[in-house]
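Peer 1: Protein chains in written order, with the working numbering: chain A, 1 to 161; chain B, 1 to 161.
Incorrect hints may appear among the rest.
Copies of one chain are not kept apart here, so a pair can be met inside one copy or by any two copies together.
Listed next, the in silico BS3-like pairs over lysine-lysine satisfying Cα-Cα at most 30 Å (straight line) [as the list claims (entries may be wrong)]: (1) K158 - K131; (2) K158 - K37; (3) K3 - K158; (4) K3 - K131; (5) K131 - K37; (6) K44 - K131.
These are calculated hints, taken from the structure and not from any lab test.
These numbers were taken from a predicted model, which means no experiment stands behind them.
What follows is the residue order along each chain.
There are 2 protein chains.
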Amino acid sequence: MNKITETDISFLRQAVALAEEGVRNSQGGPFGCLIVKDNQIIGKGCNRVTSSNDPTAHAEIVAIREACASLGDFQLSGCTVYTSCEPCPMCLGAIYWARPERVWFATTRDDAAAAGFDDAFIYAELAVPMKDRSIPFGFYHQEEFLTPFHVWAGSTRKEGY
Amino acid sequence: MNKITETDISFLRQAVALAEEGVRNSQGGPFGCLIVKDNQIIGKGCNRVTSSNDPTAHAEIVAIREACASLGDFQLSGCTVYTSCEPCPMCLGAIYWARPERVWFATTRDDAAAAGFDDAFIYAELAVPMKDRSIPFGFYHQEEFLTPFHVWAGSTRKEGY
């Protein structure tokens with residue numbers, strides 16, 4: 001990771017300001033995110049879980065969706081994600097799928113947990129064998145359930161991601 | 001986990017059918033998901049990453065958003081998630097935030113990886129120390145960056161999730 005610059009710090013501060021504004025406007029939890037490419041903000045968001053009845057509307061997801069829409073691409077090549085807090089597992093996964101160049105974050109999963117958010121718990125659950133998870137996960141397989149993968153493999157029009 | 005029922009298998013089969021249909025219609029990767037409450041389908045989706053330029057548009061995320069919109073709630077209490085493939089870390093995180101009652105899945109992360117999808121890689125990255133990750137994550141903190149958490153703690157209108 002490169003050393004942080006004054007420009008990076010300024011963007012991080014703006015992500016934190018989005019987080020504060022979101023709470024003051026009753027949008028959702030205290031989290032904000034900015035996505036920057038070539039020094040331009042191309043996506044931003046605050047947490048809107050409760051105001052939009054969408055458990056996936058974390059700041060990072062909102063910002064990634066906006067940035068991708070603005071680029072017309074499902075990848076964030078060359079972008080930097082600035083987020084007010086260490087991403088939860090959902091958002092970390094989203095970041096890996098979007099593949100930005102790097103991520104800066106301003107507070108930690110423990111700060112989030114101390115504020116009452118389950119991030120640390122979900123990180124722990126990911127490492128637990130499926131049978132011991134707090135939400136039961138069941139695997140049931142028939143050979144025919146692989147059909148979508150076979151159709152995918154045989155498709156000449158498929159676009160990977 | 002309860003023993004799977006014929007009704008569960010029927011819903012799983014429908015999730016797999018959504019996956020196949022999504023590939024045939026060039027929506028995105030070979031994945032589908034259904035969400036059921038009281039034997040009614042309240043949300044469904046196929047992967048739409050490439051067709052909607054949204055790296056977060058995995059089948060489970062699409063279905064969770066639709067189910068929550070239809071319930072007018074950010075929680076999936078009492079719901080069952082049927083998904084054609086073991087959820088990736090992003091979708092697993094989303095499921096934990098949505099808190100359904102249980103999850104059934106029809107194929108595994110290894111099947112997804114064999115088809116060219118990064119699920120297994122992202123699971124591995126989650127367990128790697130931040131400094132060794134393929135996407136660099138940097139932590140930079142100032143005391144003022146905790147302000148959103150303080151505003152949240154002091155808010156009388158906050159709604160947790």
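Peer 1: All hints, please: hold or fail.
Peer 2: A quick look at each hint next to the structure:
no. : hint        : result
1   : K158 - K131 : neither (35 Å within a copy, 34 Å between copies)
2   : K158 - K37  : within (28 Å within a copy, 33 Å between copies)
3   : K3 - K158   : neither (40 Å within a copy, 36 Å between copies)
4   : K3 - K131   : between (42 Å within a copy, 13 Å between copies)
5   : K131 - K37  : between (42 Å within a copy, 23 Å between copies)
6   : K44 - K131  : between (38 Å within a copy, 25 Å between copies)
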